[in-house]
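Between the sequences and the hints, there should be enough to build the whole structure, so can you do that?
Those protein sequences? They're chains G and B, same order as listed. Going by our numbering, the residue at position 85 of the first sequence is 1380; the numbering climbs one at a time, nothing skipped. Going by our numbering, the residue at position 147 of the second sequence is 198; the numbering climbs one at a time, nothing skipped.
These are computed hints drawn from the structure, not numbers from a lab. Keep in mind that the hints are not guaranteed to be accurate.
16 Å max Cα-Cα, derived EDC-like pairs, lysine to aspartate or glutamate [what the hints assert, rightly or not]:
1. G:1442 / G:1500
2. G:1428 / G:1469
3. G:1428 / B:173
4. G:1428 / B:177
5. G:1428 / G:1398
6. G:1428 / B:174
7. G:1442 / G:1459
8. G:1442 / G:1472
9. G:1428 / G:1459
Label-pair restraints from in silico Cβ distances [claimed, not checked]:
10. G:1430 / B:84: 40 to 46 Å
11. G:1411 / B:107: 30 to 36 Å
12. B:84 / G:1444: 53 to 59 Å
13. G:1463 / B:73: 34 to 40 Å
14. B:130 / G:1430: 22 to 28 Å
15. B:222 / G:1461: 53 to 59 Å
16. B:84 / G:1461: 34 to 40 Å
17. G:1500 / B:107: 33 to 39 Å
18. G:1338 / B:124: 18 to 24 Å
Quick reminder that beta carbons are idealized off the backbone N, C-alpha and C, glycines included.
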Amino acid sequence: MSEPRDLSELLGDDIPPEELERLRRVDALLSSVPGPPPEVPASLTHAVTAVATGAPQLWTRRRALVAVALAAALSALFFGLGARIAGDQGFEERAVVQMQAAEGARGASAVLRVGDLDESGNRPLRLEVEGLKPLPPGGYYALWLAKDGEYGATCGSFRMGEGETTAEWTVSYDLADYDEWVVTPYLPNEPRDFERPWLLTADAEI
Amino acid sequence: MSSVLHRDMAVVGMAVPETDALLIERTGRGDPAAFEELYRRFARPVLAMARRQLSDPGRAEDAAQETFAAVWRSARSYREERGSASAWLYAVARHAIIDRARQRVEPAVEVPDEAALEASTEERVELSWLAWRVHSALERLPERERAVLELAYWSELSQSEIASYLDVPLGTVKTRTRAGLSRLEGLLEEVRE
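In structure tokens, the structure reads:
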């Protein structure tokens, strides 16, 4: 991170004071962040372009690992052990939902991993949240399903610590009955009619 | 008024850049050209964030690749009324990078500068978002202005050295710096939320 500099050295002495003041704010922003990488590797461009065009991708390290894992799974199947393609969360993902932060949660983000119904008709959920503030003791956040802007069904609660938080639940609702996922805070001793902000939202269709 | 202006501009062949939101929408409909334009605009900001948080450049590249794969897969879930396109892309990138960090025993390495090392989680998130905004805006500048600004702020070169490096007069460097900062001001407002 570099120090703020003398702008006249950068721009010359003939800048009107009003413009200088505006540019000073931009200068301060530029000075407060690290620089971007000088260039993007061609291997990345090739691999990303292939995502959309369906062209053969380079054998990056990640793809090699996937291939090894796939070979292991096929091998297990061959020997009658069975294999299950699952994400890190341990259940089969039906959808990965990117939740969007509302005004009151600037910088926060969440990914909701929605699993398939199990044999009993329950659906696993895994919510990975980052950037929500830790609430005072007794406070917590809750994930809801909503319909037409109204709360519909609660899916579970979680508390935020420092950094990222992951919470897992199982729900039995039919997602077709709802149109939105929402995360909302619950504060200790809040009035009964307190109108809670919806901090993270996403469409419920999967 | 503005539609007339846009139509006139189209008649004389001036391209009006598509918004990030429109590009995500088109990507969601499976349009590879829109996806490639998104990549062109956001590859460096994504890679910058990945490199700050993952110690290994190779893993950072993998995380960047996963980010754009996630954009391609989930673009149709983006809703402009819920938030800005830039914030959505930022969130997708953050989670792809966290996923990549989680796949290793050691914790992710956060921004290796003093401010970040001393900052709380909330401040680090804010700093990361600020860097994202600045880097995204830089990608929208004309190449000659972007090059001058990057050299001026992150290369430790003086204005005279930049002039010499780019083989242009010193006055041109100052003019481009001024124009670039001014344009950047407007772009930073655009990607604020």
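> Which earlier hints can't be squared with this structure?
Replying inline: Violated hints: 2, 7, 12; rest satisfied.
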